[in-house]
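Asker: Based on the hints, put chain B in the right spot on chain A.
Number of protein chains: 2
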Amino acid sequence: MEEMQEKIQQLIKEKRINELHKLLEEINSADFPSLFEELEEDKIVIIYRLLSKEKAAEVFAELDSDVQENLINVFTDKELKTVVNELFMDDTVDLIEEMPSTVVKRILNNIGAKDRKVINELLNFPEDSAGSIMTTEFVEFKEDITIQEGFDIIRKTGIKKETVYCCYVVDKFRKLVGSVDVKEMLTSNSNMKISEIMEENPISVLTTEDQEDVAKMFDKYNYMAIPVVDKEERLVGIVTIDDAIDVMQDENTEDFEKMAAMIPNEETYFKTGVFTHARNRIIWLLVLMLSSTFTGAIIEKYQNAFAAIPILVAFIPMIMDTGGNCGSQSSTLIIRGLALDEIKISDILKVIWKELRVAIVVGVTLAAVTAVRIYFQYGRNYQGQIIQLSIVVGVTLILTSLIAKLVGGILPIVAKKFKLDPAIMAAPLITTIVDMCAMLVFFKCAVIVMGL
Amino acid sequence: MEEMQEKIQQLIKEKRINELHKLLEEINSADFPSLFEELEEDKIVIIYRLLSKEKAAEVFAELDSDVQENLINVFTDKELKTVVNELFMDDTVDLIEEMPSTVVKRILNNIGAKDRKVINELLNFPEDSAGSIMTTEFVEFKEDITIQEGFDIIRKTGIKKETVYCCYVVDKFRKLVGSVDVKEMLTSNSNMKISEIMEENPISVLTTEDQEDVAKMFDKYNYMAIPVVDKEERLVGIVTIDDAIDVMQDENTEDFEKMAAMIPNEETYFKTGVFTHARNRIIWLLVLMLSSTFTGAIIEKYQNAFAAIPILVAFIPMIMDTGGNCGSQSSTLIIRGLALDEIKISDILKVIWKELRVAIVVGVTLAAVTAVRIYFQYGRNYQGQIIQLSIVVGVTLILTSLIAKLVGGILPIVAKKFKLDPAIMAAPLITTIVDMCAMLVFFKCAVIVMGL
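Chains as they are written, first to last, in this note's numbering: chain A, 1 to 452; chain B, 1 to 452.
The shape of chain A in the complex, shown without the other chains:
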């Protein structure tokens, strides 16, 4: 990419416009954002104006919103109109949602009345709904046409459609009655009726459906597109697989962020300002920090215990860390399983039974290893108490592992049951809860076994 940038800089400098034009047409549209990254604004404008009309729209749709805004600001009205008319409807809507209001006004002024109406409708769908990610540019057939007539429609209108490979059949009330793949059309006799080869009652989603659920359907059913209908079952748009992939990746990123105790952020790491980063992180940090003072209070209560045997304090980090790790392993597996629909709410007893057994195997192993470690590390200095110490730490590890795995296994499912996002029940919160239990178990054990 850097090589390419240098070559382009060179061509601009030497005004070898023809060569530059040829080079640019060969670059994939999706590579332009990184190409533009290090270039000055005036050079970006020069390059952009050298692109063919179709390429320019493709490239524009890929660009980051700040670059888009800069370009629109130097566009003449005519240029703006060309770009906006070449963009697919869902890309135009994305653009409008990102731009400041003055720019939006200019964009809307350069769109035809009919398209403007569609855009306004699209803008009104709730965020994260199927309606907000669908496009209105799909191929639609009447029931009674032949395959040949279908091909004619594709030939005439296909270039402006986001996909031509899944076509949809509507009745006279515009209700969705079938879907037909171009593969099916290509491999059937072209005199047959579309209605003979179409799939009846195709799977569709409502405009209000959650975009995450729509994305999951792509994963499960291997579709290229899914039709979107309104409450009256009329076909109003389609969601295409490329948008579904974006949703999938965004939802995954959101889960990663929530699971690390952050408020999810739609922008990339570098595009997010320092104060936004700080704000997204600090709320959970404060909540968890204040919660962990309860663990502190438990420890405070046992001052006499560690006054008598100070070495107990040295075990606190190990017990806390191990408990936290045990719990977050379980919660991560359950959160991910819920997200992929591999685990259902009704599986809660199966999860408990599995985690219980895993916890015992894990806990006993950890306890055994630690007992050996204690013997070698402290055997000489704490001769009289070495067995009690091993018992206290060992029992604590086993019980902590049990508590951690159960809490980690159960809480995400409970969260889902109460319509909360299971992802918030991840490592940080589980750690804080498990810490408290672990310290209680540890000092209670110590008091009992060592007679403090």
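Derived by calculation from the structure, the hints in this document are not laboratory data.
Misleading hints may appear alongside valid ones.
Now the stretches of chain A that chain B is said to cover, found in silico as 3 or more residues with beta-carbon under 8 Å [to be verified]:
#1 143 to 156
#2 218 to 228
#3 239 to 251
#4 279 to 291
#5 423 to 436
All figures in this text were calculated on a predicted structure; none of them were measured in a lab.
Virtual Cβ for every residue (Gly too), placed ideally from N, Cα, C.
Answerer: Here is chain B on its own, set in the frame of chain A:
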């Protein structure tokens, strides 16, 4: 789904085979695995045998490997042959990889010699390579044919191809020279040559390319398929978008598991046995448990400090948890950014500069809140030392936040630099490292400020 199961059970019981057959054909192939979940084996066999040949193969490809194995065991050789011949090549390879050797032998015996050769080649590609997920069933054109001739080829061979929408053009040495979308073919004059409308030098990948990188290309370029070539640039297969989505989701799951200190596992939660679960979790738990004894050793060194002021011990959980959370926030953002190619290794200084500033904002806020908390909670009992205590805890929080955010920001990038998976530098490891630093800072501060 439960309703459907009951209805099917009913139809089997009453032997209403025609109705059952009709009902089954209407169910989407991807829904059969969950349909079969609660059914007895003999009923699954009855249902399976009622499916049409094409549907049966589609359903078979979707099933879990244990159900596949059971079915193969009751199949006659003829039935097995039919299924295997209907499966796409990549699905056959997946099947062979999952089955025990006796079943594999039976499968290979029922495949034609030519296909067996292809399968053997596919099986030899390294795991997680483009070659291992590609299919060999694609549409291929010679350079000099017309669009009309292209359509004839699709019509004749298309039904057995995994996708017909991206076709590939090869020269007489079978070298990949172009790609052409059916959309382009449908909207161009059918007497034109394919070579006139094809995209020259299409993006392709080598058979040895990492499957994760291939999946990323789908995300970036919005392709439906990507051609795979061998070292001599000859076209040998294609990767389709549905397989790329599976790779993406698997890689995400793998990252989630690694980031929670587990060895990644390809099976689902419930399909994994208790001992496998325990084994996948215990290695990291042991490593981290033993590492955190260093933190314990640091605390042990300052026995005299907390013997003098026992309340110091009560702050240990809060400082450790907060440090861990600060660090894992940063490491998660960086790991995810690296996975999505939003952050590059060369960005390390930019990351440090950003994390530094965020850490100061976050650290100062946490310190201020804690100072207020200390004043109200301990103001009465520790009157003489309240200011020193606040200073010690506050300074520790600020320094810990700084260390945590820097360690969390830098380590994943360093890991990537050394060709390790950044995901292992997630919360658990960062927490253990930060804990150690935090305890050192805390007690050093206490000794200095409180004159212990």
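Asker: Now look at each hint and say whether the structure bears it out.
Answerer: Hints, verified against the model:
no.: 1; hint: 143 to 156; result: holds (count 3)
no.: 2; hint: 218 to 228; result: holds (count 6)
no.: 3; hint: 239 to 251; result: holds (count 6)
no.: 4; hint: 279 to 291; result: holds (count 8)
no.: 5; hint: 423 to 436; result: holds (count 5)
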